[in-house]
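Chains as they are written, first to last, in the numbering used here: chain P, 1 to 405; chain A, 406 to 644.
Note that these hints are calculated values from the structure, not bench results.
A virtual CB, placed ideally from N, CA and C, is assigned to each residue, including glycine.
It is possible that part of the hints are untrue.
Claimed, not checked - From the structure, some residues in chain P lie toward chain A, with a derived Cβ separation under 8 Å: (1) H3; (2) I5; (3) R10; (4) D11; (5) E296; (6) A301.
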Amino acid sequence: MIHLIKMAFRDLGRNRRRSFFSALALGMGLSLLLLMASVIEGEVRSSMDLSIKLQSGHLQVRSLTYDEDKHSLAHEDLVADPESVAAQVASLEPVQAASPRLYASGIITVGEETAGVNLLGIDPDSDTNAPYRDGIVSGQYLSADDREGVLIGSTLAANLGLSAGDDISVMVNTANGDVDEQPFTIRGTYATGSPFYDESTLIMPLAKAQTITQAEGYASTIFVLLKDQDQADAVSAALKSSQYEVLTYRQMNALLSQIQGMSNGYMIVLYLIVLGITATVIINTLIMSVFERTREIGILAAMGMRPGRIMAMFFAESTLLTAGGIGIGLVLGGLLVMYASKVGFYIGKFGIEGMLLSDRIYARLTIESAIALIITAFVVSLLAALYPALLAARLEPVDALHSGN
Amino acid sequence: MEVAKIDNVTRVYQVGQVETQALRGVSLTIENGEFTALVGPSGSGKTTLLQLIGCLDQPTSGKVYVNGKDVSALNRNQRADMRRGTIGFIFQFFALIPTLTAYENVEMPLLLNGKSPAERRERVNHMLEAVDLLDHSHHRPDQLSGGQQQRVAIARALVTQPSLILADEPTANLDTPNGKQVMETMVRLNQETGVTFVFATHDPRVIQYARRVVTLRDGMIVSDGPNAGQFVLEKATAD
Numbered sequence: 001m002i003h004l005i006k007m008a009f010r011d012l013g014r015n016r017r018r019s020f021f022s023a024l025a026l027g028m029g030l031s032l033l034l035l036m037a038s039v040i041e042g043e044v045r046s047s048m049d050l051s052i053k054l055q056s057g058h059l060q061v062r063s064l065t066y067d068e069d070k071h072s073l074a075h076e077d078l079v080a081d082p083e084s085v086a087a088q089v090a091s092l093e094p095v096q097a098a099s100p101r102l103y104a105s106g107i108i109t110v111g112e113e114t115a116g117v118n119l120l121g122i123d124p125d126s127d128t129n130a131p132y133r134d135g136i137v138s139g140q141y142l143s144a145d146d147r148e149g150v151l152i153g154s155t156l157a158a159n160l161g162l163s164a165g166d167d168i169s170v171m172v173n174t175a176n177g178d179v180d181e182q183p184f185t186i187r188g189t190y191a192t193g194s195p196f197y198d199e200s201t202l203i204m205p206l207a208k209a210q211t212i213t214q215a216e217g218y219a220s221t222i223f224v225l226l227k228d229q230d231q232a233d234a235v236s237a238a239l240k241s242s243q244y245e246v247l248t249y250r251q252m253n254a255l256l257s258q259i260q261g262m263s264n265g266y267m268i269v270l271y272l273i274v275l276g277i278t279a280t281v282i283i284n285t286l287i288m289s290v291f292e293r294t295r296e297i298g299i300l301a302a303m304g305m306r307p308g309r310i311m312a313m314f315f316a317e318s319t320l321l322t323a324g325g326i327g328i329g330l331v332l333g334g335l336l337v338m339y340a341s342k343v344g345f346y347i348g349k350f351g352i353e354g355m356l357l358s359d360r361i362y363a364r365l366t367i368e369s370a371i372a373l374i375i376t377a378f379v380v381s382l383l384a385a386l387y388p389a390l391l392a393a394r395l396e397p398v399d400a401l402h403s404g405n
Numbered sequence: 406m407e408v409a410k411i412d413n414v415t416r417v418y419q420v421g422q423v424e425t426q427a428l429r430g431v432s433l434t435i436e437n438g439e440f441t442a443l444v445g446p447s448g449s450g451k452t453t454l455l456q457l458i459g460c461l462d463q464p465t466s467g468k469v470y471v472n473g474k475d476v477s478a479l480n481r482n483q484r485a486d487m488r489r490g491t492i493g494f495i496f497q498f499f500a501l502i503p504t505l506t507a508y509e510n511v512e513m514p515l516l517l518n519g520k521s522p523a524e525r526r527e528r529v530n531h532m533l534e535a536v537d538l539l540d541h542s543h544h545r546p547d548q549l550s551g552g553q554q555q556r557v558a559i560a561r562a563l564v565t566q567p568s569l570i571l572a573d574e575p576t577a578n579l580d581t582p583n584g585k586q587v588m589e590t591m592v593r594l595n596q597e598t599g600v601t602f603v604f605a606t607h608d609p610r611v612i613q614y615a616r617r618v619v620t621l622r623d624g625m626i627v628s629d630g631p632n633a634g635q636f637v638l639e640k641a642t643a644d
């Protein structure tokens with residue numbers, strides 16, 4: 001085997017430039033695929049992280065009849081005595097933090113300008129709301145007893161020409177179906193990394209949100225963060241009751257999971273297309289090699305080399321070319337991924353309901369993706385060697401010996 | 406004891422619509438230890454006969470026996486196994502693998518036969534010494550002269566200790582001194598090892614080394630008998 005590899009290495013060395021460019025073609029294809037896989041992985045992972053951080057948490061405890069699309073405020077659709085429920089949830093060992101949240105639909109009015117918003121009532125002191133506290137870009141964060149202050153997303157503030165200290169009027173739906181409107185002062189502006197979210201969400205303390213929506217003593221949901229997200233199903237099962245519905249982040253981000261599944265499928269197709277193209281380069285290189293070395297194949301056959309071993313010789317060459325290509329691909333791809341994971345790609349304001357995207361996508365390469373890609377490249381390249389290897393093995397020794405005469 | 410026996414063999418090549426009869430009912434027996442020349446003009450069937458004896462080709466009709474075994478209908482793997490264990494080849498062109506050193510070229514048949522590293526080392530060095538090229542063992546073919554390359558090919562053909570060496574125009578691409586050296590090496594190894602040599606040639610300077618000369622013309626044996634050039638053999642041995 002070692003001799004086979006040694007021979008293959010020297011055979012590839014006969015035409016170093018051709019062998020190098022064949023390996024380079026594979027390397028470039030592989031590096032592009034590594035970049036694409038890492039960008040898609042980074043995009044999906046970042047979207048999931050943003051959603052968990054801002055929208056879904058790892059778990060949510062809701063009333064059985066709550067409809068998040070309607071931001072229902074009817075008392076029967078809400079969680080009663082939410083602080084007590086949140087405290088019970090937070091007492092579980094795997095839970096990092098839990099706090100009530102109240103959602104409502106509203107409209108901001110500033111002079112002649114209006115904008116529809118999602119009103120979010122939060123407990124400012126809870127760790128679940130750290131992203132807003134840490135994301136303050138101007139002004140200050142809220143205090144729990146603030147009755148007139150709100151936080152506004154930096155994108156929305158920019159759209160409406162608002163800044164910390166400005167006054168706005170907020171109109172909201174209430175639990176009894178009426179509409180209430182009250183003046184508020186912007187305490188600060190925040191940025192979460194998702195321009196879409198920052199354009200559509202107005203935050204106020206939970207107590208004030210309950211008051212203005214006439215939902216005192218109620219919350220839309222208990223927002224739960226876990227120490228380990230893999231515990232979501234176990235904790236969900238532990239919290240299961242006839243009174244509440246417990247949803248995991250996977251259930252709440254079904255669209256994202258579907259997109260992740262679809263993107264995995266697309267990536268496999270893309271792998272096969274790109275690697276298929278690079279495989280043709282390897283096929284071409286090996287066929288050239290068979291034609292150039294036909295007489296040598298005849299000599300080896302005359303010495304008693306079996307057709308299977310002649311095939312193995314070409315598979316060894318393909319393996320070395322592939323190993324070289326993978327080496328080049330890992331270096332090139334590693335540099336591209338490193339750049340894309342540090343600097344990222346700016347995509348601007350983009351997002352849809354159920355899927356938050358950061359304004360910048362950062363690549364994220366998982367070991368699993370890299371290994372899957374390397375194995376696919378190896379298998380495709382070995383398959384590419386099949387035809388040239390068969391061509392060599394099927395040569396009649398007599399014909400091969402007299403080739404070139 | 407016969408090493409090879411050809412029994413009423415024909416070989417017809419079909420090239421497009423044209424049929425070429427390379428051998429027409431040839432029968433021949435090669436005894437152990439012979440140093441035999443197949444002679445005749447181009448197209449007389451010398452090379453075809455060597456290829457059939459060497460299990461590189463199969464007859465259209467008739468039987469070919471090597472070491473008493475019928476090799477006429479063996480499959481590709483069986484023929485490869487037969488060649489690997491029994492037959493050594495020397496070709497007109499200097500048939501060395503250009504990426505391997507002289508040592509590695511000679512070692513190759515032993516690798517194919519699965520010999521141990523120690524045995525390979527001993528036999529390769531012995532054969533390179535026998536062809537007087539031990540000090541060139543790490544040279545690649547392009548660093549050797551034509552005669553040296555052909556002597557490496559002789560060492561490679563003999564290294565597995567086969568019962569039969571087949572040489573097709575072994576000196577055709579060599580000048581007279583190198584051709585002489587190659588032939589004398591073959592004669593010496595025939596005498597020292599007792600291995601059977603059958604070589605095809607149409608060069609009178611080479612024919613005179615043979616002890617037996619088989620003459621072919623138009624695919625048929627037209628004469629078969631001892632060679633008058635025996636003195637050359639004796640001279641080579643004496644040297």
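Evaluation of the provided hints:
For H3/P, the shortest C-beta to C-beta distance to chain A is roughly 6 Å, which falls under 8 Å, so the interface hint holds. Here the hint on I5/P is broken, as its CB sits about 13 Å from the closest CB of chain A, past 8 Å. Against a cut-off of 8 Å between C-beta atoms, the interface hint on R10/P holds, since the closest Cβ of chain A lies about 4 Å away. Checking D11/P against chain A by beta carbon gives a least distance of about 6 Å; that is within 8 Å, so the hint holds.
Hint on E296/P holds. Least Cβ distance to chain A is approximately 6 Å, under the 8 Å limit. Interface hint status for A301/P: upheld, as the beta-carbon distance to the closest one in chain A is roughly 7 Å, under 8 Å.
The structure fails hint 2 only (numbered hints given earlier).
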